[in-house]
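Student: Residues per chain are reported as follows:
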Amino acid sequence: MSARPLSRRTTLATGVATASAVALTGCSRFGASGGGTDADGVELTVMAWADSKQAAVYEKAFAAYHEANPGVTVKLEWMDVGSYQDKLNTRFAAGNPPDVMFLVGRWLGEYASRGALADLATFPDALDLTALDDSVLASSRLDGKLYGVPTGTTCQGLVYNTKVLQDVGLTLPDTSTWTWQQFHDFNVAITEATGRATYGTGYNIPWAPTVSLWAGQHGESLYTEDGTLGMSAQTLADYFQMTVDLRDAGGYAPAGSLDDQATTVEDSALGKGFVASQTIPANLFGDYNTALDGNLTLVRFPGEVPTHGYQITPTLLWSQASGSKHPQEAAALIDYLTNDPTSFESRAALLGVPVNPDIATEVAATLPADGKTFVDFLLGLQDEELPPYYLEPAGAGEISDNLVSLATEVEFGRMTPQQAGERFVTEAQASLARASS
Amino acid sequence: MSTSTTSPVAAPGVDRPPRLRRRSSAEASEERAAYVFLAPWFIGMLFTVIPFGVSLYLAFTNYNLLQSPALVGLENFTRVFEDPKAETSARVTLTYTFLSVPISMVSALAVAMLLNKGVRGLKFYRSIFYLPSLIGASVAIVMLWRSIFGYGGIVNSFLGFFGIEGPGWVTDPDWALVTLVTLGVWSFGASMVIFLAGLRQIPVMFYEAASVDGAGWWRQFRSITVPLLSPVIFFNLVLGLIGSLQTFTQGFVFSGGTGGPAESTLFFNLYLYQQGFQRFDMGYASALAWVMFIVIAFFTALNFLVSKWWVFYDD
Numbered sequence: 001m002s003a004r005p006l007s008r009r010t011t012l013a014t015g016v017a018t019a020s021a022v023a024l025t026g027c028s029r030f031g032a033s034g035g036g037t038d039a040d041g042v043e044l045t046v047m048a049w050a051d052s053k054q055a056a057v058y059e060k061a062f063a064a065y066h067e068a069n070p071g072v073t074v075k076l077e078w079m080d081v082g083s084y085q086d087k088l089n090t091r092f093a094a095g096n097p098p099d100v101m102f103l104v105g106r107w108l109g110e111y112a113s114r115g116a117l118a119d120l121a122t123f124p125d126a127l128d129l130t131a132l133d134d135s136v137l138a139s140s141r142l143d144g145k146l147y148g149v150p151t152g153t154t155c156q157g158l159v160y161n162t163k164v165l166q167d168v169g170l171t172l173p174d175t176s177t178w179t180w181q182q183f184h185d186f187n188v189a190i191t192e193a194t195g196r197a198t199y200g201t202g203y204n205i206p207w208a209p210t211v212s213l214w215a216g217q218h219g220e221s222l223y224t225e226d227g228t229l230g231m232s233a234q235t236l237a238d239y240f241q242m243t244v245d246l247r248d249a250g251g252y253a254p255a256g257s258l259d260d261q262a263t264t265v266e267d268s269a270l271g272k273g274f275v276a277s278q279t280i281p282a283n284l285f286g287d288y289n290t291a292l293d294g295n296l297t298l299v300r301f302p303g304e305v306p307t308h309g310y311q312i313t314p315t316l317l318w319s320q321a322s323g324s325k326h327p328q329e330a331a332a333l334i335d336y337l338t339n340d341p342t343s344f345e346s347r348a349a350l351l352g353v354p355v356n357p358d359i360a361t362e363v364a365a366t367l368p369a370d371g372k373t374f375v376d377f378l379l380g381l382q383d384e385e386l387p388p389y390y391l392e393p394a395g396a397g398e399i400s401d402n403l404v405s406l407a408t409e410v411e412f413g414r415m416t417p418q419q420a421g422e423r424f425v426t427e428a429q430a431s432l433a434r435a436s437s
Numbered sequence: 001m002s003t004s005t006t007s008p009v010a011a012p013g014v015d016r017p018p019r020l021r022r023r024s025s026a027e028a029s030e031e032r033a034a035y036v037f038l039a040p041w042f043i044g045m046l047f048t049v050i051p052f053g054v055s056l057y058l059a060f061t062n063y064n065l066l067q068s069p070a071l072v073g074l075e076n077f078t079r080v081f082e083d084p085k086a087e088t089s090a091r092v093t094l095t096y097t098f099l100s101v102p103i104s105m106v107s108a109l110a111v112a113m114l115l116n117k118g119v120r121g122l123k124f125y126r127s128i129f130y131l132p133s134l135i136g137a138s139v140a141i142v143m144l145w146r147s148i149f150g151y152g153g154i155v156n157s158f159l160g161f162f163g164i165e166g167p168g169w170v171t172d173p174d175w176a177l178v179t180l181v182t183l184g185v186w187s188f189g190a191s192m193v194i195f196l197a198g199l200r201q202i203p204v205m206f207y208e209a210a211s212v213d214g215a216g217w218w219r220q221f222r223s224i225t226v227p228l229l230s231p232v233i234f235f236n237l238v239l240g241l242i243g244s245l246q247t248f249t250q251g252f253v254f255s256g257g258t259g260g261p262a263e264s265t266l267f268f269n270l271y272l273y274q275q276g277f278q279r280f281d282m283g284y285a286s287a288l289a290w291v292m293f294i295v296i297a298f299f300t301a302l303n304f305l306v307s308k309w310w311v312f313y314d315d
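Keeping their order, the protein sequence lines are chains A and B.
With full-length UniProt numbering applied, the first sequence corresponds to residues 1 to 437, in that order.
With full-length UniProt numbering applied, the second sequence corresponds to residues 1 to 315, in that order.
A portion of the hints provided could be inaccurate.
[Unchecked claim] Just so you have them, the derived chain A footprint on chain B, three or more residues with Cβ under 8 Å:
| hint | segment |
| --- | --- |
| 1 | 168-177 |
| 2 | 232-246 |
| 3 | 254-263 |
| 4 | 277-289 |
For the record, the hints were derived by calculation from the structure and aren't laboratory data.
Computed from a predicted model, the values in this text were never measured in an experiment.
We treat Cβ as the ideally placed atom computed from N, Cα and C, and that holds for glycine.
Could you build the full structure based on these sequences and the hints that come with them?
Tutor: Right, here's the structure in full:
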């Protein structure tokens, strides 16, 4: 599934041919400060997970970069998220890592603690971080080193298919203040009104952002500032109990009916009209809404205000391999992806609200309707008091896998919510201890 | 070595090889040809032996793929026996093996015997039945299986026709492995072809003589087919056991690499892969691989040992 690779020879030849042009025009942005882009024939590899549409968007941004910096060619390798980490790890193990890559917070600790990532604060000439708020960067900083720059910021989102609701004459309650009880009743009402043709909800129960949100509403957090587990067995058990009650009442799709391997929105339970609501990363609202013919509405999770538990988190991170052969150029590329409005022309807010505030303002002004819905949703949260987001510690990857297993055990009644909650805490502590040893 | 064979104090009774006559040039060139044909195998061996050695070394180290390995002694091996997930994955693998090997062998033998009845178009049927085993472990087929057995798939639609509400064959942890067993059984073609070849070796006159003596179908099967086919049964059993203990692709594709739902398809080989490539614990993964190697060697040895009592060699 990798993107049409350019042959190395072709790109080298192109680089050499254009080298003189670069020298003549002196158009390199960082030429004066000795940064990367006065380079010749440099090929940077970027690894990202994407579908073909998203990949095309990134390709456009990289093509624009090549146009402005003819000495640097960016080769995008994209694949679906399922095979991404395996491929990345294989490349690291083979000593041939990509120069720049997507990472998520819960992996960062595992790569950084093993020396795989470059400290991005060490390329001040190529990568300008002055415009970014320090709280944004705090979530990718470990032991005083910066291992990633957020591609943007996002938050948890809940979407409802308004067409389903209209067809059965239901209207959403006031979602800015609704409670979990109202959420429960409304979903049960959908299932009953549609005669079980569409279930009220089928959201991804063990998805870490939702679990974090629940923890935040109960005065806890999934992880603490010093990288320990911050969620108690009881809080998780209560969360699972809520889902069991919802399912038993018919508001949630029956056990075993949801397949988590759908790779496109169209193939998902939401896309097929099997469920009326789903949780998503809010930045993907546009993708989802397009797939559902504009029938989606983005609403807040229920929750007992004032602590609604929402967190504004990095969507993904741009990280750089410590083994990159062109560290300056790679850092300059991350700078382009962070601080240069050109790079946002094609992708807008696809990877979240830009972290550079000036760019964010600029991008927000030109957004299509769906993108604006997302940005407004996120900005609406910003005015409220939010629980802080901490970097997920090494071991978080295994913990989130265990959470998926435990949710399945509860789904099929093989474990009570209480047992699953206790098992989660035991296993999570073991994972954290092992990862830090 | 040559010094000992030519030694004058060679033990009495040891046959000295007859003195070689001068080889003809034809023989010499034949020998060279043999080595040429063997060369790919020798080269291939290098690609097996080297990783073999490296993995044995890594099994005694802590190696995270990104930094150099550090020796830790037997730690990885003791961890295998304390790791609840390793136990889960061993249980999954053994359950799968003990279900799928007997079922697929019986199916393969049954189909082979039917085809051996002298059906018209034998070659055609043989190919048709063989086909699944070529593609059974392929990604596309496992995906196909997923959608056939999915919650709203063909199987459940069929059951719904009779008013039966089928489970999530793929998503329910109590059924997912069973679904994989059916996939394994469906690709019985390879052993069927071998059975068929074995069956055709049995002289028809044995059956004719038995019928004359009044032996029924079952009696003929027990007293002629099984004993004469026993070396082939043994061969298929050994290969089947080794193959299914190493199952990987089906579990990987079926669960998207997670071993889910709820670890019900977490094959030992898949767990090993997860440790090595997802958890950066290549040292532990190597130890798991060696434990698996020893277990497979043990089952195979056991098989050979027991075979003395039931496998009948004609010669």
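Student: Take the hints in turn and mark each one as holding or not.
Tutor: Here is how each hint holds up against the structure:
Given a C-beta distance limit of less than 8 Å, the hint that chain A covers the segment 168-177 of chain B holds, as 6 residues qualify and 3 suffice. Only when three residues or more bring their CB closer than 8 Å to a CB of chain A does the claim for the segment 232-246 of chain B stand; here the count is 0, and the claim is violated. A count of 7 residues in the segment 254-263 of chain B with a Cβ less than 8 Å from any Cβ of chain A is obtained; the coverage claim is therefore met, three being the minimum. Counting residues of the segment 277-289 of chain B whose beta carbon lies closer than 8 Å to any beta carbon of chain A gives 5, which meets the minimum of three for the stated coverage.
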